[in-house]
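Chains as they are written, first to last, in my numbering: chain A, 143 to 432; chain B, -2 to 294; chain C, 14 to 394.
Hints are computed from structural coordinates only; laboratory data are not their basis. Being a predicted model, the structure only gives us computed values, none of them experimental. No false leads were mixed into what you were given.
Below, simulated SDA-like cross-link-like pairs (lysine to any residue); rule was C-alpha separation at most 20 Å, straight line:
id	chain 1	residue 1	chain 2	residue 2
1	C	Lys248	A	Thr204
2	A	Lys240	B	Ala30
3	A	Lys240	B	Gln270
4	A	Lys146	B	Pro189
5	C	Lys174	C	Thr155
So, partial list: chain C residues that the calculated Cβ filter (under 7 Å) puts toward chain A:
id	residue
6	Glu108
7	Gly112
8	Ala251
9	Ile256
10	Arg257
11	Arg258
12	Ala270
13	Gly271
14	Thr393
Heads up, the beta-carbon is just placed ideally off N, CA and C, and yes, glycines get one too.
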Amino acid sequence: MSLKQRLVPYWLLGPGLLWLVVFFVVPMYFMGELALRSGSLTTGYTFDWAWSNFPDSLSGHTEQISRSFFYAGTATILALLIAYPLAYAIAFRAGRFKLLLLFAVIAPFFTTYLIRTIAWKTILSDDSPIVGVLQTLALVPPDGRVLATSGAVIAGLTYNFLPFMILPLYANLERLDLRLIEAAKDLYSSSRQAFLKVTLPLTMPGIVAGVLLTFIPAFGDYINAQLLGGTQQAMVGNVIQSLYLNQRNYPEAAALSFLMMALILAVVTIYIRFAGTGAFMGDEDEEAAR
Amino acid sequence: MNGQGASGRLPAPLAGAWAWLRRNALSIYACLAVAYMLIPIVVIAVFSFGDTPKDKLTFGLDNGFTLEYWSSIFSLPELNEALLTSLKLAALSTAISTAIGTLMAIALVRHKFHGRRVANLLIVIPMATPEVVIGASLLSMFVYYSVAPGFSTLLLAHVMFSISFVVVVVRSRLIGFDRNLEEAAADLGATPLTTFRTVTLPLLAPGILAAAMLAFALSIDDFVISNFNSGPTQTFPLYVYGVSLRGIPIQVNALATLLFAVTVVAVALVLVQQRRAERLAAVRPTPIPAPGAPAAT
Amino acid sequence: MGAGETSVRKRALAVALTICAIVLSLGVAACGDDTVGGGGNSDEVTTAKGGPVSGDLAISNWPGYMDPGSNNTVAQFEKETGVSVDYIEDVNENEAFFGKMQPQLEQGESGGRSIFIVTDWMAKQMYDLGYLQEIDHGELPTVFENIRPQLEDVSFDPGRKFSVPWVSGMGGIWVDTAKAPEIRSVNDLFDPKYKGKVTMLSELRETVPLVMLAEGIDPIEASNEDWLNAIDRIKEAADSGQIRRFTGNDYTEDLTAGNIVAAIGWSGDASIVENENAEWRMPAEGCALWSDNMVIPVGAPNTGAAYGWMNFIYEPEVNAPLAEYITYIPPVEGVQDLVEPELAKDPLVFPSPEFTRNCTDQDSPPDLEPVNEAWQEVITG
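Bound conformation, chain A alone (with noise of 0.2 Å):
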């Protein structure tokens, strides 16, 4: 391959890594330095590889980190079993309104987070009658509620995220060639195993990009467990904005934030090896195939 070839990639690469380095990395850099200072607003923040903000930061927060991890892995959950029923039948059964519907079920998220939000509130309201009907299933207790429950946290967090699931699902399902199905049906005879054996496998790629999209951020997300949880609710965002905006105490909440990004991360780094699509994240996979 000739160099100009070679240096191809880095070319593509370029104005994005540079976004990232310039706007991203440069501060994270100020943000490492900071979780290593000591002291407090009033008498300044002094440099001093203070190390032991990371366990500090995590001392008495362990609760909201699992809660965090059960609701983003829940929320996840949910979103791929609503989504990707969903974009197949955008991809196969809308015929040439597919684009006409992608829009209409994404377009609900331009308008903004509050007001969805109390849009929610309002449908789940105690009194509403939606509630009273979950109360006849026996879905609630009959004196029970779905406001401010990890309940309300967990389908706020499923509803907000989405679009998150849909749209690489539908990138992905669009291209799924109808006739491999087709034939695979002659094969297994069986839809579910038509389905088990060629539409998952090729879709994969879609399902572990939306599972990314979906849980990473839904991790970190503090405005559904502020606005639809109750007292017991609170995630490790509400308390990294909490140690960063109320107490002030920078160190420490640049020092949770660097855990969690490293959790996200080592969690991450789990399930693309489990997922068995190492392209993501340049597996060996990948490197053995070249």
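Let chain A serve as the given structure and place chains B and C on it in line with the hints.
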């Protein structure tokens, strides 16, 4: 699902219904899912016609019907300005981040080069960073270099946090892509640029569109990072959050509904226009959308 | 391929090095100074200079604190003085606003603004960090002629050295009288009868002093111990599910939707609570009084026009339409005679000294950090 067994025991008309239900299960499910996605916008639209005594959004259900807020939909200059700013910001940020991110995705999937892992890491990490940390650290940097916060810093920030999402979406479309078409084009003497423009780009289009929609939604909905880096500029979410402290004017509902309606109608018009153009050109390349396509279930 | 490979490696290395160099030069420069925070200018507090009332003036205020329309208070000020006003509604929360301005204030810059409007404790925090200039009473004749006497001397700023009230309000209890007519004290909010039907504000200086008052402790005199005890009581109620949520202004949504029977909330929110049975009640044991104040930040341009603005706002004729729109307590004497009669009779907008006799100023705990940490742990439970 043991549909066969169930239909066997059912009387004929019911069995017919059951079979119909089974055949159309996916479509029915899709309709339900679409309805679910639209619930908030329907509520928002309904209450934009509600006559509230104090002209403030309360979502109370005992209101009369009124067109007052629709006839005065543009009567709040600050709201108009905030929405316009947000639309402009989202459009620019979407255009830039989609272009940059698509190039990155192509590089990462199509090319082997040193430093891929680092590049991958750099793309995933911003998504995992708490917004308050991104917002605050960016502001610190802007202030340090005496860049006054405003529309331009908002644009820089929005492009930054959108890039990763674009890359992941476009890349999921690219992985496992059939490269034969491109190679064929190259064999036929097309320059790389021509191949890209006439073959790669059209094949990628749905991925790019999905990424752009996500970038747009991210930008027009962002509050935390914008709040830090906006300076005196007001965006739509900042405006709504602010007025929510003293009661959201109902024109916000009407405008949100209008935004939704305009988006959908515009897409519909484009589709109708396309169809007419196709008919006029008397070309019928209907790409087998298959009414009887197999269901996923 | 060998030769090409080497040269590609070299190129890649060069690219990587360039990126590293950019990061390092930007990053190291950004970390040049040794301390972050701590208020760089706390040694020399300056007093804002007077001057001609002209030129440009930028003001950061809360949303809903300015009457709308093309002939509103801002427009009148512009017409009368020729000053061109940039009125920015970007103070949504004290903390978030502080977070946004702090890096600039640390550099001695005010982001082009000459006036901020922030709550008492935030004004004090900014002052203590050296982010504010003191005000010259000689430049504010109208203000100190017309200010309500109760506001002249407050615990967070004795003698009004750096703050001029914009508007005042009371923290108390909102009650849905159809569902819980008997709630009259903050103590009633802890009644198991109302389990899960009560909200409190997430702001430390709003909720905790009210709970202390209910226990017979004067928040101004309270020790750290008292604060921590009150927080313990609230924590227990939060853990048991007695308290439904900790809220910002959004308690009004829960009240409107009927999700709660009572909330700790503000006296001026009647305009956004759409529940005809809901009313604000002065707790039997008293309320917490606060003000949002105009302050002049360090590095503020055109402080002459800022003084001009403050004097203008304190003209009763100017303040009356503002008071009618805001529906919190105006700080200007004589406004009561100029507003609509119905509003003039409203004790929540024009409270008599008798009405507020048990109320205290809002204040921070003696040693903020441990108290705030304990409180935030309750909020993010």
